[in-house]
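J.: Protein chains in written order, with this note's numbering: chain A, 1 to 147; chain B, 1 to 147.
Errors might be hidden in some of the hints.
Identical copies look the same in the list; a pair holds intra-copy or inter-copy alike.
[Said to hold, decoys possible] Derived lysine-lysine pairs resembling DSS-like cross-links, with alpha carbons at most 27 Å apart: (1) LYS61 / LYS142; (2) LYS144 / LYS67; (3) LYS98 / LYS17; (4) LYS142 / LYS19; (5) LYS67 / LYS142; (6) LYS76 / LYS142; (7) LYS76 / LYS61; (8) LYS144 / LYS61; (9) LYS76 / LYS35; (10) LYS98 / LYS76; (11) LYS48 / LYS144; (12) LYS15 / LYS67.
Quick caveat, the hints were computed from the structure, so don't treat them as lab data.
Number of protein chains: 2
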Amino acid sequence: MYLSNSLSTLELLKKNKIKATPQRIAIYNMLVNTKQHPSVDIIYKSLKKDFPSMSLATIYKTVDMFKEAGLIQELKDASSTNRYDANIQPHPHLICIKCNRIDDLEMDLPFSEDIISTINDTTNYTILYSQICLYGYCPDCKMKERK
Amino acid sequence: MYLSNSLSTLELLKKNKIKATPQRIAIYNMLVNTKQHPSVDIIYKSLKKDFPSMSLATIYKTVDMFKEAGLIQELKDASSTNRYDANIQPHPHLICIKCNRIDDLEMDLPFSEDIISTINDTTNYTILYSQICLYGYCPDCKMKERK
DNA sequence: CTGAGTGCAAAACATTTGCACTTGT
DNA sequence: ACAAGTGCAAATGTTTTGCACTCAG
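Build the full structure now, drawing on both the sequences and the hints.
T.: This is the structure in structure tokens:
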């Protein structure tokens with residue numbers, strides 16, 4: 001089971017001082033068990049069967065809270081819709097500009113801590129996190145596409 | 001003048017088989033003359049004095065067409081609003097998560113052609129372009145922020 | 001002259017908000 | 001018990017669309 005060697009979702013939320021409601025546990029579990037980088041709407045549809053009355057607003061509030069707590073990361077697909085990832089390790093994303101599918105790229109991050117420090121020094125920004133997005137056609141859309 | 005050594009906007013549009021309307025010329029000129037990565041709304045407000053009847057829809061259609069033609073690049077600020085840049089050289093962006101200001105980072109792109117080829121081969125994606133976004137506080141917001 | 005472009009208003013979405021009701025601790 | 005969370009509906013903000021009018025080539 002996915003939690004065998006780690007905290008249960010309940011414990012994780014408590015550890016982060018987040019009140020553990022069934023909805024929040026379900027949302028986190030869904031995110032941690034998929035590689036699909038789901039949108040709020042996908043989360044909503046996916047949990048609909050277990051929580052028929054769950055509202056989109058709850059999911060928006062929840063993912064926002066998880067993001068603030070650093071439990072998940074937010075990214076945007078090619079059409080700008082927010083997508084969520086329970087893998088909080090910075091890692092490049094492959095984004096299909098046709099179907100909006102998002103995959104992870106297994107690769108080292110080009111921005112080391114050193115580089116971030118240099119950027120902070122030279123630009124006067126305070127960089128907190130970075131994202132690398134590679135846009136193009138996914139394997140499926142590549143075949144259908146002729147341009 | 002900014003065009004002294006290059007094509008006029010009129011010529012550039014014609015070269016790209018884009019019908020050169022006054023609106024399109026004005027939008028492109030505005031983008032090429034700023035480092036601010038403006039949003040559609042900013043472009044709209046900025047051109048309002050010269051084109052009082054210009055509509056937002058025209059600007060949306062125009063930037064989309066320019067993007068498809070490869071004349072500008074689109075990026076998204078921290079709140080997801082689309083922003084535009086007439087500098088089509090891939091370059092990392094610094095994005096303020098408080099005021100949504102976007103600056104360019106003068107730095108080499110970590111993704112060389114070689115790396116893109118490798119990614120294309122190993123992932124079966126066809127990568128067309130990439131974006132590197134560094135999120136944090138800009139110099140102005142850094143000072144105001146206390147957290 | 002004619003198809004492409006523009007402006008307007010309405011529509012379509014994604015996301016946020018206010019508030020009464022419910023629930024975890 | 002009570003502050004915090006949820007669900008609903010309405011509001012907001014951005015982007016898209018349909019269509020009659022206009023204009024660049």
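J.: Now, for every hint given, state plainly whether the structure supports it.
T.: Right, here's what the structure says about each hint:
| no. | hint | in the structure |
| --- | --- | --- |
| 1 | LYS61 / LYS142 | between (36 Å within a copy, 26 Å between copies) |
| 2 | LYS144 / LYS67 | between (35 Å within a copy, 22 Å between copies) |
| 3 | LYS98 / LYS17 | between (40 Å within a copy, 24 Å between copies) |
| 4 | LYS142 / LYS19 | neither (44 Å within a copy, 30 Å between copies) |
| 5 | LYS67 / LYS142 | between (32 Å within a copy, 20 Å between copies) |
| 6 | LYS76 / LYS142 | both (21 Å within a copy, 25 Å between copies) |
| 7 | LYS76 / LYS61 | both (17 Å within a copy, 21 Å between copies) |
| 8 | LYS144 / LYS61 | between (37 Å within a copy, 26 Å between copies) |
| 9 | LYS76 / LYS35 | both (15 Å within a copy, 23 Å between copies) |
| 10 | LYS98 / LYS76 | both (14 Å within a copy, 18 Å between copies) |
| 11 | LYS48 / LYS144 | neither (32 Å within a copy, 42 Å between copies) |
| 12 | LYS15 / LYS67 | within (15 Å within a copy, 46 Å between copies) |
Of the numbered hints given earlier, the model fails hints 4 and 11; all others are met.
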